[in-house]
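**Q** Here the protein sequences come in this chain order: A and B.
Residue numbering for the first sequence follows my numbering, beginning at 637 and increasing consecutively.
Residue numbering for the second sequence follows my numbering, beginning at 637 and increasing consecutively.
If you are wondering where the hints come from, they were derived from the structure by calculation, not from laboratory data.
Among the clues, some could well be false.
Identical chains share a label here; the pair holds if one copy fits it or two copies do between them.
[Unchecked claim] When the alpha-carbon atoms are kept at most 27 angstroms apart in a straight line, the in silico DSS-like pairs for lysine-lysine are as follows:
{"#": "1", "residue 1": "K687", "residue 2": "K700"}
{"#": "2", "residue 1": "K780", "residue 2": "K689"}
{"#": "3", "residue 1": "K700", "residue 2": "K896"}
{"#": "4", "residue 1": "K689", "residue 2": "K700"}
{"#": "5", "residue 1": "K700", "residue 2": "K877"}
{"#": "6", "residue 1": "K673", "residue 2": "K687"}
{"#": "7", "residue 1": "K700", "residue 2": "K749"}
{"#": "8", "residue 1": "K749", "residue 2": "K780"}
{"#": "9", "residue 1": "K877", "residue 2": "K749"}
All figures in this text were calculated on a predicted structure; none of them were measured in a lab.
Number of protein chains: 2
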Amino acid sequence: MPVPETTEARQAPPLHAPILINGAEAEVIRALRRQAKISRTEISNITGWSKAKTSLEIRSLVTKGYLVEVGEGSSQGGRKPGLLQINDQLGYLIGLDIGATSIDVVLANVGGKVLQRRTAVADVRQPPEEFLSRCSELILEMVKAQGCRIDQVLGIGVGLPGPVDFTHGVLIAPPLMPGWENFLIRDFFQRTFSAAYVVVDNDVNIMAIGEQRAGDGMQVDHFIFIKIGTGIGSGIVSNGKMHRGSIGCAGDIGHICVDKQGPICRCGNTGCLEAMAAGPAITERAVQAARNGSSPLLRHMMENNGGILRPDDVNAACREGDQAALEIIRASGQMIGDVLAGLVNFFNPSHIFIGGGITNFGNHLLVSIRRAVLQRSLPLATTHLSINFSRMGPEAGITGAVALAREYLFVMEDRPFSIV
Amino acid sequence: MPVPETTEARQAPPLHAPILINGAEAEVIRALRRQAKISRTEISNITGWSKAKTSLEIRSLVTKGYLVEVGEGSSQGGRKPGLLQINDQLGYLIGLDIGATSIDVVLANVGGKVLQRRTAVADVRQPPEEFLSRCSELILEMVKAQGCRIDQVLGIGVGLPGPVDFTHGVLIAPPLMPGWENFLIRDFFQRTFSAAYVVVDNDVNIMAIGEQRAGDGMQVDHFIFIKIGTGIGSGIVSNGKMHRGSIGCAGDIGHICVDKQGPICRCGNTGCLEAMAAGPAITERAVQAARNGSSPLLRHMMENNGGILRPDDVNAACREGDQAALEIIRASGQMIGDVLAGLVNFFNPSHIFIGGGITNFGNHLLVSIRRAVLQRSLPLATTHLSINFSRMGPEAGITGAVALAREYLFVMEDRPFSIV
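Next up, chain A with everything else stripped away, as it sits in the complex (with noise of 0.2 angstroms):
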């Protein structure tokens, strides 16, 4: 099997971090990750500072402009505390989610609060130039329409429907958008937005951030989410923490194999889940169904219908009372349920977050994955598990998006990749 060549992908530059902070700083930022407001007292029990060591960190903090004083905190009793926060007006982010037919792009302040809002039509298989120049355009759109300058966009943080080597920020081997493979999109970024850093990840796992830090993910350390559309991929979170794995594309889940006898699919393998579950694989069932007889409903959408059908076809016969759709629907869910059994034996999550385009197919789908999971997983590993729908929706994504750059606004002068 040919190895993909990713000596180009290695020289990609270091990434640019904004705002470098020394040790000490650091720590006061890290206490504030938890919350978006802090009282000094908190500071200090958290570092286990002097209450002068604190006031002499928080001072040199304000005086550079990185955190403000904001409101009073609940009083303990002695007199209110003043709170701090990072200061909204350091600048703003960008956070960008791109699909394979679509860009969603918004602007918001450095707190994550979403300012302006821009989406647009786009086909991804362009070369990247032309594609990231659209978006380029969208976010100087958004920073006219703030009535801010290109300078104080400080970070972007870009999801991709690929895999990307996370450190390099680039795509390796998409099989989307093959022309993008090691393009430099940082690079590309930075000529136009130079004060700001960029991030780039696949997806999916913008997905799970978001979920992660607005969503029902929040709070909960060991969760997978799904996206299930025209493909299969997951996002993962241990203790805590983004799970990327050593080249930044763990959680692609599309090509695990649910039957060796199955199809042949786009990765050269044979009856990976994608290929078996996914949305084409309904949508081809479905034809089959219409053609042998087996739906009349499906074979009569399909005539008035250009001769095709969707995975949305589907969803609606099956509301319809279609049994041929309903078991169509079932047959994907109990696929991706096998899969995921195995995965809740190796990974013992508390949550699995399903999201993408299915999730339109409700309970039926749902309920699939679920009893194949509860068959096929070890008792212990699904007494407390919770598979659901991602009730984030197309949100998800973008705020993972803004939450990405957020995670890179400050970075440690001595340590440059890690997030402090």
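With chain A's structure known, arrange chain B on it following the hints.
**A** Below, chain B without anything else, positioned relative to chain A:
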């Protein structure tokens, strides 16, 4: 499928930690985890503290007897810095590796240096009181031989061959040893060793910890340690930390499905990896080959062996060029590799270490596993993947048990459950 009752486990007492430290002290100790000895300057660099503050904290830790000053480090231009390390004289730690038929136990100093060692044959299917009393006897023997006091035993790390609820230190639904379910192992040991805290983990996790602390897993952020013997299990390291999952049963890969049409497993499902590829499945296939005439050598061995075959016989036959034995080993490797292929896609480790009794099978097994993984995993995930037998052999478990005990030696007073 019945859900095990875990109410009792939930009521198990919290971890009893012997040395409680404050936040600032914890920072020094944490810095010392990365290296055995450290200079004041290094502590200052890592913590971001002033020289004065660093000296103050170190003096406090030295006065309390937790740290000692040793030798001299290499000069960085200025005067040669005195080095600090954790005080070996603080007390002793016990590492206890319990197998299905064996006890392997060591007494080490808090620096992790093994000073005494005992091994014994024992049957884990005994009632836990009896079995653990034998373990206590062995520990007391070592304490006596070392000439130390019982109250100098500060920590006991225990590895057990079953699913462990790590937080509560009890076994949950252990198939090999049903009498142990929810037995309070910590309480048992603390009746004799009242100064010791007790950390209980499963046997494969302690092997993974051993590999991480003293084997080829040092400096490796993401790896899977697989134990193949009578059963099949794994220990997982993500972002440099043990991944135990939400209940603590992560890594249980023995019951991932290989073939739905396969034989019934002791878990009640069909075609589990363990039922198809572990030691007993190998000998069962060897017995078939002996009986159906496809291997005269295995038949001969079986006849000379009172009608039974052990995995080692299959290995010996393979070494003598027996084709049937070779095929049996290859088939086992192929199935293990097929499951690993999925886990490699999901987890993207840089290393897989293989341990347990089956490692005697050598290259034929290893090559089959590697081949299956390379065939079914995505190229991006296997480009830099190393799959090898652990070079630590049986030392992995006992080394990990001591390391586990060491991890909980210092615990922050306000966060009793988190490792410093």
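**Q** Look at each hint and say if it fits the structure.
**A** Evaluated hints:
no., hint, in the structure
1, K687 to K700, "both (20 angstroms within a copy, 24 angstroms between copies)"
2, K780 to K689, "neither (42 angstroms within a copy, 48 angstroms between copies)"
3, K700 to K896, "neither (60 angstroms within a copy, 63 angstroms between copies)"
4, K689 to K700, "both (17 angstroms within a copy, 24 angstroms between copies)"
5, K700 to K877, "neither (29 angstroms within a copy, 35 angstroms between copies)"
6, K673 to K687, "within (18 angstroms within a copy, 30 angstroms between copies)"
7, K700 to K749, "within (22 angstroms within a copy, 48 angstroms between copies)"
8, K749 to K780, "within (17 angstroms within a copy, 64 angstroms between copies)"
9, K877 to K749, "within (22 angstroms within a copy, 32 angstroms between copies)"
Hints 2, 3 and 5 from the earlier list are contradicted by this structure; the remaining hints agree with it.
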